[in-house]
Structures are given as C-alpha cells and as structure tokens.
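Undergrad: Sequence:
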Amino acid sequence: MQIYPYQQECLDAIEFARQAGKKKALVVMATGLGKTVASALELKRLLTEAPGRVLYVTNQNEILRQARHTYESILTTKMAYGYFHGEEKHLHKVDVLFASFQTMVTSRELFARDEFKYIVVDEAHHVHAETYRPTVEYFQPDFMIGLTATPNRADRKDITELMGEPVFHLDLFEALADRHLTPINYRLMTDELQNLEVLDTPTGKLSIAELNRTIFVPKRDEEIVRIIEEKLAEIDNPRTILFCSSVAHAERLAELMPYAQVLHSKVKKDQRERRIKAFRSGHSHIMITVDMFNEGIDIPEANVIVFLRSTASETIYLQQLGRGLRRAPGKAEVLVLDFVANCERIEMMQHLQNGVTNAIQGGVNTDSSGGASTIRNVLTVSVDGAEFDERLVDLINLVNRVRQSRSFKWTKENLTEGLLAFARELGRTPSVSEVDNNPKLPNRKTFEWVFKKRWNKIVEDIGLTPIRQHTYTKEELTEQILTFTKELGRTPTREDVRRNSSMANPKAFLNAFGGSWTGMLEIHGLEANTRNTPYSKEELTRQFMTLARQINKIPTATDISKASSTASPGAFSSTFKKPWSAIREELGSQFSQSRNN
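Per the numbering used here, the very first residue in the sequence shown carries number 1; after that it's consecutive.
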C-alpha cells in the first residue's frame with residue numbers, strides 16, 4: 001500500500017508522542033487524506049511490538065464497516081474481527097472490535113477497563129457528547145489515538161481537554177494548498193437578486209436576516225433541477241451528491257429526479273446499503289441526502305457536490321464539501337454547485353477561499369509535478385450572474401460591517417450620548433427619520449426597546465424638546481410616495497402608507513395635495529390601485545425600454561434599482577413569474593432588435 005509523505009509524517013508524530021510517554025495522540029487530518037489508513041498503519045507497528053486487543057469506536061455503523069475493510073487490508077488476516085453495535089455484538093472473542101458509541105455507552109461495563117490495549121476514537125470532535133465521553137473516560141488502554149477532520153466544535157467545547165493537543169495537524173486549507181486533495185471548481189448559483197440598493201444602507205439599520213430576505217430570491221425546485229441537469233450534461237461520468245434541507249425536501253427532489261437514489265434516516269438499513277453500493281459501483285450516479293454523508297462515508301468517485309441546504313455550522317459545511325475532495329483515478333476536479341443563497345454561506349465560501357490563499361502564501365506549496373501551487377489551480381470560485389459578481393465585494397464588506405455593529409451593545413448611556421451629540425451637530429432635536437438615517441445610531445425601535453418608553457418620552461427625559469409633528473415639504477412627500485411605489489411594485493394604498501412607519505401619515509399627503517388620495521396619486525403620475533394590482537407586463541416592459549433608451553444599454557438589476565421611474569427587479573420577477581436574469585435576457589433581446597430596426 002502506498003504511504004503518502006504526510007501520512008508518514010503523521011506516523012512519526014504519533015510515535016514521537018508515544019516515546020515521550022504520552023498515552024493519547026490526537027490527529028487532525030482533513031477529510032479525504034486517509035486518517036483511517038494512518039491509524040491502521042500505526043496499529044500494525046504497535047501490535048508488532050506489543051500484541052493486544054484493539055477497540056475502534058465511532059458514531060456510525062457505515063464508518064465501522066469501512067474501517068474494518070481498511071484494517072483487514074493492512075493488519076493480518078489471521079486476526080479476528082467483529083462488531084459491537086445495535087445489530088451485531090461480539091464481546092471477548094475478537095482481536096479487533098469495531099463498536100458504536102451509542103451501543104458502548106450503555107454496555108461498556110461488560111468489558112474490563114483495561115480490556116483493550118489500544119483504542120482508536122474516530123470523529124473525535126464528538127468526545128464531549130453524552131454518548132462519547134463516558135466511554136472515552138471509562139477505558140484505560142495503553143495508548144489511545146483520536147482522529148478528526150474538524151476539531152472546532154459549534155458549542156466551543158475544547159476536545160483537547162480529553163484528547164490532548166494534536167500531535168499532527170493537516171487541515172483542509174493546507175491539504176488543498178499542497179494538492180493532496182482534488183481541486184475545487186466552486187460555483188455560486190445566485191443569479192437572482194433584487195433590491196441591490198440595500199448595499200448602500202447604513203449598517204446600523206440592517207441585520208443579516210434582513211439582508212438575506214431583501215437581496216436573495218430563492219429558486220424553485222424545478223428550476224434547480226433544470227440547472228443541475230444542464231451542468232451534469234457538461235461532465236464526463238458525473239457522480240453527484242445533493243445535500244437537502246430535510247427529509248421532505250429530499251423526497252420532493254427525488255420526485256423531480258426519478259433516476260436518482262435518495263438516502264436519509266427514514267430509508268431502511270438494507271436499502272441504504274444497497275443504494276450506497278450502487279453509487280460506489282457507478283450503477284447510480286446521483287445521491288440525494290440530508291445529513292447521512294456529513295461524516296466518515298468514503299466515496300472517492302463523487303465529483304459533483306450540490307448544496308441545497310443552509311447550515312449555520314461551518315464544520316458541517318466543510319464536512320459535506322469534503323465528500324467530493326478525495327482523489328480518485330480520472331478525477332481532475334470536483335464541481336460544487338451552491339444554491340444556498342444567503343450571507344452566511346458567502347462568508348463560509350470566502351473563509352474557504354481566504355484559508356487556502358493564506359496556506360499557499362504561508363508555506364512552500366508544490367503540486368504533484370513539483371510546480372508552485374496557486375489559488376487558481378486548487379480552488380476557483382465563480383458566480384452565475386454578472387450583476388452579483390460585480391457587487392459581491394460590496395456585500396461581503398457590508399456583512400462584515402453589520403456583524404461588527406451587531407456585536408456592539410447599545411445601552412441607555414451610549415444611546416443618550418449619541419443622540420445628544422447628533423442634536424448638537426444639528427443645532428436642534430433630530431427627527432425620527434433623521435435618526436433612522438444616521439449610520440452612527442440605531443433606529444427608533446432600538447431606542448424604545450432599550451429605554452422601554454415611547455420616542456417622545458425618551459427625547460424629553462434626556463433634555464431635548466420633542467418634535468410633536470414634523471412638517472414635510474411637498475418635495476419630501478413626493479420622494480416618499482415615488483420611492484414607496486417602487487419598493488412595492490405597485491401603487492400604494494392609503495393603508496400601505498399608514499403602515500409604513502418611515503413615511504409621513506396619509507393625512508400629510510392629503511393636506512399637501514388637495515385632500516383627495518386619488519388626486520394626490522394623479523399629481524404624481526400614479527393610477528389609483530384599489531385592488532392592490534401589481535404592474536402589468538406591458539407597463540414593466542415600457543419602463544424597461546424607456547430606461548434602456550435613457551442609459552443606452554440593456555439595464556442591469558442595479559440600473560433598475562437606481563432608476564426612480566421604474567419598479568424594482570423583484571416587481572419584475574413577481575409579474576413575469578421568472579428570474580430577473582431571464583427577464584433581462586428576454587426584454588434585452590427586444591431592445592436590441594428595436595435598435596437594429
């Protein structure tokens with residue numbers, strides 16, 4: 001069996017720790033690098049020096065089966081192997097026991113504490129879990145090896161408390177930089193965007209959740225399947241894993257892709273095994289799953305990863321990405337299609353990109369031919385949708401600013417200080433709208449939440465004179481009604497305006513423009529909309545063509561968003577029942593033809 005240089009380095013590190021008198025060795029090695037192989041090679045050396053029983057323990061039966069196959073190929077076939085899990089239980093008659101933590105946690109006292117001379121703990125980042133820790137603390141082997149690809153836990157518990165500091169560390173970023181893993185072609189499938197003007201909003205007025213709701217337009221499952229099929233048609237022998245958000249989502253995708261296999265917790269064990277075997281052998285080319293491939297499942301042939309689920313855990317994200325990174329004959333790259341349209345995923349993708357870049361810059365990294373590694377030959381990131389590509393840096397910067405502002409805690413003291421400073425700057429009491437538009441201050445709702453009082457009472461208590469009623473100019477009211485019309489994608493009703501706390505109340509519009517709501521709308525070139533009817537396709541087409549002629553090009557979503565005379569890109573998508581990119585292509589073609597005629 002071929003031993004890679006980094007595996008030999010790992011073995012040397014384990015041996016050095018053992019010779020130094022350590023009883024445990026934690027190995028951190030990225031998914032796809034052969035942690036199980038390294039542990040088997042170390043056990044072969046240990047068993048040669050001092051024979052004894054071995055316990056290999058982890059949290060999934062499928063991982064146990066894979067580990068047994070690896071151990072049998074490296075250790076002697078003369079040894080007896082067995083399982084200890086919910087379906088099969090060997091106790092004292094085997095030399096190497098492959099056990100699940102779920103079974104061992106309630107049955108560990110069937111074994112003597114020193115029964116196993118050597119123990120391997122796989123997926124060791126779980127050691128603080130209730131199913132792991134009692135077993136790890138119960139047994140007293142001569143030597144214990146911990147294996148993990150992702151040592152940083154979401155609950156921030158430190159695995160080194162139980163396993164010690166890593167004796168060997170080769171993370172995903174370093175492994176990609178050193179070309180030990182398959183290069184990644186990463187595609188962000190986020191071409192449908194709206195309201196990009198929000199990127200210019202003061203950060204104090206935004207949350208990450210609001211950004212996600214405002215900017216990203218989720219794709220329908222049918223559209224996602226169409227895109228996946230188009231991309232797979234461009235690849236020779238695609239072997240695809242789709243990660244879905246839930247069992248129901250996986251089943252829904254399976255209905256749209258009847259040629260795919262589905263794998264989740266509700267699928268019976270024998271069916272799961274048959275489907276995994278079919279995928280490994282190439283009889284099945286698409287596997288739809290939820291969480292079952294997060295850890296340990298080894299399918300080197302997978303060369304396409306599709307993300308359809310959002311996760312707050314970067315660990316899970318990297319685990320799922322790792323399913324496609326193991327090298328295999330004829331596998332030049334892994335294609336990643338990421339349909340998860342939110343700010344958190346973009347942050348994770350940026351962290352991946354920065355991590356690999358830093359690993360390349362921080363060491364002497366060479367590819368298999370001896371040439372220097374660059375970010376482009378180990379990880380390429382592209383965006384389906386030129387508009388988003390143009391604003392990606394703006395979005396990332398805004399997300400960073402929002403996170404920084406959200407980490408700052410507003411108190412009565414700093415709110416009072418900030419409001420008084422703003423009043424001194426203006427020479428008078430600020431209005432609510434002025435506070436809401438001040439990037440240095442939170443909005444009125446934050447003031448009222450912290451002080452537990454209404455706005456005017458807050459202003460009065462800190463020594464300012466409340467503005468009982470703001471007198472809007474006609475110009476301010478005109479700007480408000482036209483901006484709101486654009487945001488809604490239709491003419492606002494009186495009730496729409498009343499509910500919008502950032503606008504003057506309807507009475508102010510009536511007083512300024514003649515006492516009639518319909519008359520006020522007509523003055524602004526708007527038609528009364530008693531049925532809340534959205535723009536027609538004809539009206540939106542007219543708006544698109546007018547703007548195209550004004551700017552002398554096919555408008556982008558940003559152009560549409562900035563133009564005061566057009567509805568928002570979201571209004572176009574809502575009316576045409578299509579993604580903005582398709583609408584732009586359709587109307588842009590009409591515009592180009594009209595110019596050629």
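Be a bit skeptical, because a hint or two may be false.
[What the hints assert, rightly or not] Think about it this way: if two alpha-carbon atoms lie no more than 20 Å apart in a straight line, the pair counts; the simulated DMTMM-like pairs of lysine to aspartate or glutamate are:
{"#": "1", "residue 1": "Lys331", "residue 2": "Asp298"}
{"#": "2", "residue 1": "Lys440", "residue 2": "Glu413"}
{"#": "3", "residue 1": "Lys117", "residue 2": "Glu72"}
{"#": "4", "residue 1": "Lys231", "residue 2": "Glu301"}
Keep in mind that the hints were calculated from the coordinates and are not lab data.
Undergrad: Do the alpha carbons of Lys440 and Glu413 lie within 20 Å of each other, as the hint requires?
TA: With a Cα-Cα distance of about 15 Å, the restraint between Lys440 and Glu413 holds, given a limit of 20 Å.
Undergrad: Just to be careful, I want the Cα atoms of Lys331 and Asp298 compared with a cutoff of 20 Å; is the pair within it?
TA: holds, 15 Å
Undergrad: Against the 20 Å threshold, does the CA-CA distance of Lys231 and Glu301 hold or violate the hint?
TA: Holds: Lys231 and Glu301 sit about 18 Å apart, inside 20 Å.
Undergrad: For Lys117 and Glu72, compute the direct alpha-carbon distance and say whether it is at most 20 Å.
TA: holds, 18 Å
This entry satisfies every hint, going by the numbered hints stated previously.
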